[in-house]
Amino acid sequence: SSSTSWRPLSPAGMEAIEELAVKPCTSSLYLRPFRLCYRQNGTKKFWDFMRTHDRSGVGVTGSRQTLFYAEVTDQMRTSEGGGQPEEGELIEVVEVPLEDSMKFAYDETLPKTMGVVFSFMWFHNNIAPKPQKK
Numbered sequence: 001s002s003s004t005s006w007r008p009l010s011p012a013g014m015e016a017i018e019e020l021a022v023k024p025c026t027s028s029l030y031l032r033p034f035r036l037c038y039r040q041n042g043t044k045k046f047w048d049f050m051r052t053h054d055r056s057g058v059g060v061t062g063s064r065q066t067l068f069y070a071e072v073t074d075q076m077r078t079s080e081g082g083g084q085p086e087e088g089e090l091i092e093v094v095e096v097p098l099e100d101s102m103k104f105a106y107d108e109t110l111p112k113t114m115g116v117v118f119s120f121m122w123f124h125n126n127i128a129p130k131p132q133k134k
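Each residue of the sequence shown is one higher than the one before, counting from 1 in this note's numbering.
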């Protein structure tokens with residue numbers, strides 16, 4: 001039987017952290033949980049969410065995402081998109097022309113997650129046609 005001895009690691013210039021504990025957060029200057037109650041198409045529903053301080057997203061937004069890329073033409077469309085409203089899917093469809101896509105990604109006046117910004121950067125680095133050199 002082997003025993004594990006945990007000790008704080010303190011690289012040069014870093015503080016030693018000890019006696020770390022996870023406890024319920026009953027009051028915080030940075031996080032505020034809320035429950036939004038509403039009625040949608042006659043059905044009572046709720047949505048739990050967290051208001052966070054502008055700089056406290058770590059641990060709230062998640063560290064893993066899965067993104068999918070697919071090429072779709074206008075001829076392949078079967079509907080306007082937006083999900084199935086009768087199943088509670090209310091998805092906003094946003095079409096961004098290629099030439100405006102990086103302006104959209106970096107426009108801080110338009111709300112979007114960092115995953116959306118990353119997906120635009122990935123597309124431009126890996127898929128988008130490269131500008132012709134003159």
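Please keep in mind that the hints were generated in silico from the structure rather than gathered at the bench.
All values derive from a computational prediction rather than experimental measurement.
Just so it is clear, CB atoms sit at the ideal spot from N, CA and C, and this is done for glycine as well.
Take these hints with a grain of salt, some might be off.
With a cut-off of at most 25 Å between alpha-carbon atoms, the simulated SDA-like pairs for lysine to any residue come out as follows [as the list claims (entries may be wrong)]:
1. LYS44 to ALA105
2. LYS112 to LYS134
3. LYS130 to VAL72
4. LYS130 to VAL117
5. LYS103 to ASN125
6. LYS45 to PHE68
7. LYS103 to GLU87
8. LYS45 to VAL117
9. LYS45 to GLU95
10. LYS130 to TYR106
11. LYS130 to GLY88
12. LYS112 to PHE123
13. LYS103 to PRO131
14. LYS112 to GLY42
15. LYS112 to TYR69
16. LYS45 to LEU29
17. LYS130 to LEU90
18. LYS103 to ALA70
19. LYS112 to VAL93
Quick list of simulated restraints, FRET-style, between CB atoms [claimed, not checked]:
20. GLY42 to GLU108: 55 to 65 Å
21. HIS124 to ILE17: 37 to 47 Å
22. THR73 to TYR30: 39 to 49 Å
23. PRO85 to GLU18: 31 to 41 Å
24. MET114 to LEU29: 15 to 25 Å
25. TRP47 to VAL22: 21 to 31 Å
26. GLN40 to GLU99: 32 to 42 Å
27. LYS133 to GLU80: 19 to 29 Å
28. THR26 to PRO111: 51 to 61 Å
29. CYS25 to LYS112: 25 to 35 Å
30. PRO111 to TYR38: 31 to 41 Å
31. LYS112 to MET76: 34 to 44 Å
32. THR73 to ASP100: 46 to 56 Å
Verification of the supplied hints:
1. Only pairs whose Cα atoms come within 25 Å are accepted, and LYS44 paired with ALA105 is rejected, the gap being roughly 35 Å.
2. Annotation: proposed proximity of LYS112 to LYS134 is violated, straight-line Cα distance about 34 Å (limit 25 Å).
3. Pair hint LYS130 plus VAL72 holds up; C-alpha atoms about 20 Å apart against a cutoff of 25 Å.
4. Pair hint LYS130 plus VAL117 holds up; C-alpha atoms about 19 Å apart against a cutoff of 25 Å.
5. For the proposed pair LYS103 and ASN125, the alpha carbon gap of about 15 Å is at most 25 Å, so the pair holds.
6. In summary, the hint linking LYS45 to PHE68 is not supported, as the alpha carbons are separated by about 29 Å, beyond the 25 Å threshold.
7. At most 25 Å may separate the alpha-carbon atoms for a hinted pair to count; LYS103 and GLU87 exceed this at roughly 34 Å.
8. Between LYS45 and VAL117, the direct Cα distance comes to roughly 30 Å. Violation of the 25 Å bound is thereby established for this hinted pair.
9. Proximity of LYS45 to GLU95 is assessed by CA-CA distance (about 29 Å); at most 25 Å being required, the pair is judged violated.
10. Distance check on the hinted pair: LYS130 and TYR106 sit about 19 Å apart at the alpha-carbon level, within 25 Å; holds.
11. At most 25 Å may separate the alpha-carbon atoms for a hinted pair to count; LYS130 and GLY88 exceed this at roughly 40 Å.
12. Between LYS112 and PHE123 the CA atoms are separated by roughly 16 Å; this keeps the pair inside 25 Å, and the hint holds.
13. At roughly 16 Å between alpha-carbon atoms, LYS103 and PRO131 fall within 25 Å of each other, so this suggested pair holds.
14. Straight-line distance between C-alpha atoms of LYS112 and GLY42 comes to about 29 Å, which puts the hinted pair past the 25 Å bound.
15. At most 25 Å may separate the alpha-carbon atoms for a hinted pair to count; LYS112 and TYR69 meet this at roughly 18 Å.
16. Between the alpha carbons of LYS45 and LEU29 the distance comes to roughly 28 Å, so the proposed pair goes past 25 Å and is violated.
17. Our distance criterion of 25 Å between C-alpha atoms is broken by LYS130 and LEU90, whose separation comes to about 35 Å.
18. Proposed proximity of LYS103 and ALA70 is supported: the alpha carbons are some 22 Å apart, at most 25 Å.
19. As the CA atoms of LYS112 and VAL93 are separated by approximately 13 Å, the hinted pair is consistent with the 25 Å bound.
20. The supplied range of 55 to 65 Å is broken by GLY42 and GLU108, whose beta-carbon atoms lie about 38 Å from each other.
21. About 39 Å separates the C-beta atoms of HIS124 and ILE17, a value consistent with the hinted range of 37 to 47 Å.
22. The hint said 39 to 49 Å for the Cβ distance between THR73 and TYR30, and at roughly 45 Å that hint holds.
23. In this structure the supplied range 31 to 41 Å is violated for PRO85 paired with GLU18, their Cβ-Cβ distance being about 53 Å.
24. Separation of MET114 from LEU29 is about 23 Å and conforms to the stated range, judged on CB atoms against 15 to 25 Å.
25. For the hinted restraint 21 to 31 Å between TRP47 and VAL22, the CB-CB distance of approximately 25 Å keeps it satisfied.
26. Between GLN40 and GLU99 the beta carbon distance is about 37 Å. The supplied range of 32 to 42 Å therefore holds.
27. Our hint of 19 to 29 Å for LYS133 and GLU80 is violated, since their Cβ atoms are close to 39 Å apart.
28. Take THR26 and PRO111: their Cβ atoms lie about 30 Å apart, and the range 51 to 61 Å is violated.
29. Checked against the hint of 25 to 35 Å, the pair CYS25 and LYS112 passes, with Cβ atoms roughly 28 Å apart.
30. Taken as a hint, the range 31 to 41 Å is violated for the pair PRO111 and TYR38, whose Cβ atoms sit roughly 20 Å apart.
31. For the pair LYS112 and MET76, the beta carbons lie near 25 Å from each other, so the given range of 34 to 44 Å is not met.
32. Under the hint 46 to 56 Å, the C-beta atoms of THR73 and ASP100, about 19 Å apart, miss the expected range.
Comparing the model with each numbered hint stated earlier shows that hints 1, 2, 6, 7, 8, 9, 11, 14, 16, 17, 20, 23, 27, 28, 30, 31, 32 do not hold.
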